[in-house]
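**Q** Chain by chain, the residues run as shown.
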Amino acid sequence: MNSLKGIIYNCRQATFLIEKKQIKKLTFRENIELKIHLTGCSVCRVFQKQSILINQMVKNLLMNSQNKERKLDDNFKQNLQDRIDDELNRQ
Amino acid sequence: MDKSRLSSESVMVDPRQWVKKYADYLYTYAVSRVNDEELARDLVQETFLAALERIKTFEGRSSERTWLTAILRNKIIDVYRKKSSGPERQSDVTEAERAQNDFFDPNDGHWNEAFRPKEIGEEEDLLVSAEFSVILQKCMEKLPVLWSAVFTMKHMDDEVTEHICEYLKISSSNFWVIIHRAKLNLRACLQKNWI
Chain A
1 MNSLKGIIYN
11 CRQATFLIEK
21 KQIKKLTFRE
31 NIELKIHLTG
41 CSVCRVFQKQ
51 SILINQMVKN
61 LLMNSQNKER
71 KLDDNFKQNL
81 QDRIDDELNR
91 Q
Chain B
1 MDKSRLSSES
11 VMVDPRQWVK
21 KYADYLYTYA
31 VSRVNDEELA
41 RDLVQETFLA
51 ALERIKTFEG
61 RSSERTWLTA
71 ILRNKIIDVY
81 RKKSSGPERQ
91 SDVTEAERAQ
101 NDFFDPNDGH
111 WNEAFRPKEI
121 GEEEDLLVSA
131 EFSVILQKCM
141 EKLPVLWSAV
151 FTMKHMDDEV
161 TEHICEYLKI
171 SSSNFWVIIH
181 RAKLNLRACL
191 QKNWI
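These protein sequence lines map, in sequence, to chains A and B.
Here our numbering is used: the first residue of the first sequence is 1, the next is one more, and so on.
Here our numbering is used: the first residue of the second sequence is 1, the next is one more, and so on.
Some hints here could point you the wrong way.
Listing some non-contacts, in silico: residues in chain B with all C-beta distances to chain A over 12 Å [said to hold, decoys possible]:
| id | residue |
| --- | --- |
| 1 | Gln-17 |
| 2 | Ile-55 |
| 3 | Thr-57 |
| 4 | Glu-59 |
| 5 | Ser-62 |
| 6 | Ile-77 |
| 7 | Arg-81 |
| 8 | Ser-85 |
| 9 | Glu-95 |
| 10 | Ala-96 |
| 11 | Ala-99 |
| 12 | Lys-118 |
| 13 | Val-134 |
| 14 | Lys-142 |
| 15 | Tyr-167 |
Calculated cross-link-like contacts (lysine to aspartate or glutamate; reagent style EDC-like; alpha-carbon spacing at most 20 Å) [as the list claims (entries may be wrong)]:
| id | chain 1 | residue 1 | chain 2 | residue 2 |
| --- | --- | --- | --- | --- |
| 16 | B | Lys-75 | B | Glu-166 |
| 17 | B | Lys-138 | B | Glu-95 |
| 18 | A | Lys-20 | B | Glu-53 |
| 19 | A | Lys-59 | B | Glu-97 |
| 20 | B | Lys-83 | B | Glu-95 |
| 21 | B | Lys-56 | B | Glu-46 |
| 22 | A | Lys-59 | B | Glu-64 |
| 23 | B | Lys-82 | B | Glu-131 |
| 24 | B | Lys-142 | B | Glu-97 |
| 25 | B | Lys-21 | B | Glu-53 |
| 26 | A | Lys-71 | B | Glu-37 |
| 27 | A | Lys-77 | B | Asp-36 |
| 28 | B | Lys-83 | B | Asp-36 |
| 29 | A | Lys-24 | B | Asp-158 |
| 30 | A | Lys-59 | B | Asp-14 |
| 31 | A | Lys-77 | B | Glu-64 |
| 32 | B | Lys-20 | A | Asp-85 |
| 33 | B | Lys-21 | A | Asp-73 |
| 34 | A | Lys-25 | B | Glu-122 |
| 35 | B | Lys-56 | B | Asp-42 |
| 36 | A | Lys-68 | B | Glu-97 |
| 37 | A | Lys-20 | B | Glu-162 |
| 38 | A | Lys-59 | B | Glu-131 |
| 39 | A | Lys-59 | B | Glu-46 |
| 40 | A | Lys-59 | B | Glu-124 |
It is worth saying that the hints were derived from the structure and are not from the lab.
Think of the CB as a built atom: it goes at the ideal place given N, C-alpha and C, for glycine as much as any other residue.
Please model the entire structure based on the sequences and the hints provided.
**A** Take a look at the structure:
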C-alpha cells in the first residue's frame, strides 16, 4: 500500500469516484486519479467489479418483476370499474 | 363538464376500458417500485381517479397507457418523498451511516481489514442466481428510505440526476453522497449474507 501514499485520495474517495463514474463522466483529473488508485489497489478493483455487477442485477430485478405481470383480483377491479362508471355517469 | 360525452367523442380516451386494459399493467409497475401490494393497489386506484379529473388535459400526444403511467409515476415519487421526509428519515439514515463508519480507516481512508471487498463468485453465475437476487432484494429493503428512493430512481428508472434532486429535495452533492453510501451498504450486506 506504500505506493498509494502519494496519491491525494484514498479508498473511501476512490469508491466514491467509482460510483460517480457509473452515472456521470468524471473530470479529466478525477479519471487520472482513479486510474492511478486502481492500479495500486486490488481491493478497490474488486469493489469496482462488484459495484458494476450490482447495478446490472438491480436493473434485471426490475425487468424481471415487470415482465412477470401481476394480476389484481377481480373484486378489486370490479369495484374500481364501478367507481369509474359512477364518476362518468355523474353528469 | 360532460365527461362521458367527451370520452365517447374522443377515440383516444375511453375511461370505461381503463380497468380492463391497464389495471394489471399499472399494478405491476407500482409493485415493482414500492414493494408493497396494498399500497400499489391504492396507487392504481388513485391514478385512475386523478386521470378522470384531468381527462381534458389529455391531448393524445402520447398513448393512453403512457399518460396513465406518467400519472402513476408522479404518485410513486410522492410516496418516496413522503416516506423519506418523515421523522424516521433522520434516524434510519444515521443508523445506516454508523454501519459504515468502520469500513474505512478514519485517518488514511483505506479499507479496514474486516470490511475489505472479497471476491464473491463468478459474475455469470451470480447474474442468473435466483438465490443471489433474493438476497439483493432483502439488502435493498434494508437501506434507509431516502437512499433506497435515490438508488431506485437512478438505477432502476434511469431518472435524470437533476430531477431526482428536485423531486426528493436534496442537493446535488447530497445526491452523490447517497449514491456512494447506498452502494457501500448494499455491497457489504451482499458479502455478509452471501459468503
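**Q** Hint by hint, work out which the structure violates, then give me just those numbers in ascending order.
**A** Those not satisfied are hints 1, 2, 12, 13, 18, 19, 22, 23, 30, 34, 35, 36, 39.
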